[in-house]
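Based on the provided sequences and hints, a complete structural model is requested.
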Amino acid sequence: MYAFASLMTNGMWAGCYWSIVVAIAVGASHISVMRITPPKIIQGGMGAGVSSWKLAQSVSKLGQLGVVSGTALDGIIARRLQDGDEGGHIRRALEYFPFQKMAKRVLDAFYIPGGKAADAAYRMYPMHTLEEKRAPLELCIVGNFVEVFLAREGHDNPVGVNYLEKLQLPHLASIYGALLAGVAVVVMGAGIPIAVPEVLSALSAHEEASYPVYVIGSDGKAETVNLTFNPRTFIEDETFPAPLERPDFFPIVSSDALASILMKRSSGPIDGFIIEGNTAGGHNAPPRGKTTFNEIGEPVYGIRDEARLAAFRDLDVPFWLAGSVGSAEELQAALDMGAAGVQVGTAFALCEESGMVPEVRRELVREALAGTLRIFTDPLASPTGFPFKVADLKGSLSEPAVYQQRKRICDLGALRQPYRRPDGKIGYRCPAEPVAAYVAKGGREEDTVGRKCLCNALIANVGMPQRLSNGSTEQCLITLGDHVKDIGQFCAAGQVDFSAADVVRILLGA
986 MYAFASLMTN GMWAGCYWSI VVAIAVGASH ISVMRITPPK IIQGGMGAGV
1036 SSWKLAQSVS KLGQLGVVSG TALDGIIARR LQDGDEGGHI RRALEYFPFQ
1086 KMAKRVLDAF YIPGGKAADA AYRMYPMHTL EEKRAPLELC IVGNFVEVFL
1136 AREGHDNPVG VNYLEKLQLP HLASIYGALL AGVAVVVMGA GIPIAVPEVL
1186 SALSAHEEAS YPVYVIGSDG KAETVNLTFN PRTFIEDETF PAPLERPDFF
1236 PIVSSDALAS ILMKRSSGPI DGFIIEGNTA GGHNAPPRGK TTFNEIGEPV
1286 YGIRDEARLA AFRDLDVPFW LAGSVGSAEE LQAALDMGAA GVQVGTAFAL
1336 CEESGMVPEV RRELVREALA GTLRIFTDPL ASPTGFPFKV ADLKGSLSEP
1386 AVYQQRKRIC DLGALRQPYR RPDGKIGYRC PAEPVAAYVA KGGREEDTVG
1436 RKCLCNALIA NVGMPQRLSN GSTEQCLITL GDHVKDIGQF CAAGQVDFSA
1486 ADVVRILLGA
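With the first letter of the sequence shown counted as 1, position 246 gets the number 1231 in the working numbering; the numbers rise by one all the way through.
Rather than coming from a laboratory, the hints here were simulated on the basis of the structure. Each hint should be verified, as a subset may be incorrect.
Claimed, not checked - Heads up, simulated DSS-like pairs for lysine-lysine below, C-alpha to C-alpha not over 30 Å straight-line:
(1) Lys1410 x Lys1151
(2) Lys1089 x Lys1118
(3) Lys1249 x Lys1118
(4) Lys1206 x Lys1025
(5) Lys1025 x Lys1039
Keep in mind the model is a prediction, meaning the values are calculated, not measured.
If you want it as structure tokens, here you go:
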């Protein structure tokens, strides 16, 4: 049996998750049989490490759905290990990891007892490609297992994981790692994740799964290449493991039209929708139709960008509202309109359990309380091409001077886009990489204007910035939703610190 079978003794794997668990086999009906009872509050899966295991654990312990961010968990675990694994949490989780040889390889590659020297750079980890080598896949499996395991530790309630569809190359290994740790819900936005339900069914049975990766053709048009992942090549135990529990799947959508497409074309059941408006933090869906801009350069959204809740009610699956729904009154209004509840990001991003650097978090709260914090919907910042909400924070990449001073480098590569080279082979490029390199790969120079390296910035947000050869460090870039202006409802008089429990209590009107 797997080593983590011993978790049965402390209750983590015992009992139900709020409702009866129903496994869905590969090739089963598209009829949804939810694994969990719909919570009133879903904590957003934010940034890279902002929605940390500590935050998700806190929210789930309170009876709501805690969600870890699945973004760049390979890089995050690599850097946490190089910082000495403070508290021993990673090493404790890996004692229950099913593939102990794999765990040892990751520890041997990255763990530094006592942590690296403060002025030393982090060791690099391998970038993902369509022709995946074993090392980056193993790091993804381990990173996702650890984060979900720790979020689940010490309670019996469900935990979710959030992925960005745009970050396609690590999906299969990442999801498998989360499944091994017993994740109950997979949330995915920033794209059209039609293939995910079938992936969940296949990987739950330790069967080979494939995922369509979009490649820019030599003619500029998109083509699809199937990325495959076979769990059996990673199983190192002599006893073949039992099937895993298949998690629920909640896509993040901005419109009922997209929800309808997913319901009709998805490879399997969809168990609920998170309807995210353009006031939410992080990546926003582009406006429908021709994009126009306001006087400060933000994309303008109109009536076509508003989701029709009547259409969602007709789909007969639970849905949650997200984006400027961060109060008890707004939660009740959502319930009155037929929603199962709300997804809340900004309030949780700024609470004590958040993975954000505490000094940065407190400064953002202070400025929000003073009414001076500005949130800008930047149409250029993200290499994905999606509008990206940016908090204007002194010393961060939101400042033009700080952005201009940064020497462009692409050393993490999570947002690289596969493209077809003239010789027919696959290459990788990102509009935030050095301009000359991007143009040499067939990219347009105008597409590089204003692009920011989110890979490095988001990991800097959680206190693990890369130290550069010139002695400087990568700077952060914070994303928050428009609802940050109301953050004061969670703060006691004169205080900037508040907890996840405060957020849940106030949202529930307790």
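Verification of the hints:
1. Annotation: proposed proximity of Lys1410 to Lys1151 holds, straight-line Cα distance about 21 Å (limit 30 Å).
2. Between Lys1089 and Lys1118 the alpha-carbon distance is near 18 Å, which keeps this suggested pair within the 30 Å criterion.
3. For the proposed pair Lys1249 and Lys1118, the alpha carbon gap of about 35 Å is over 30 Å, so the pair is violated.
4. For the hint linking Lys1206 to Lys1025, the alpha-carbon distance of about 42 Å lies beyond 30 Å, and the restraint is violated.
5. Between Lys1025 and Lys1039, the direct Cα distance comes to roughly 20 Å. Compliance with the 30 Å bound is thereby established for this hinted pair.
Going down the numbered hints, you'll see the structure goes against 3, 4, while the others check out.
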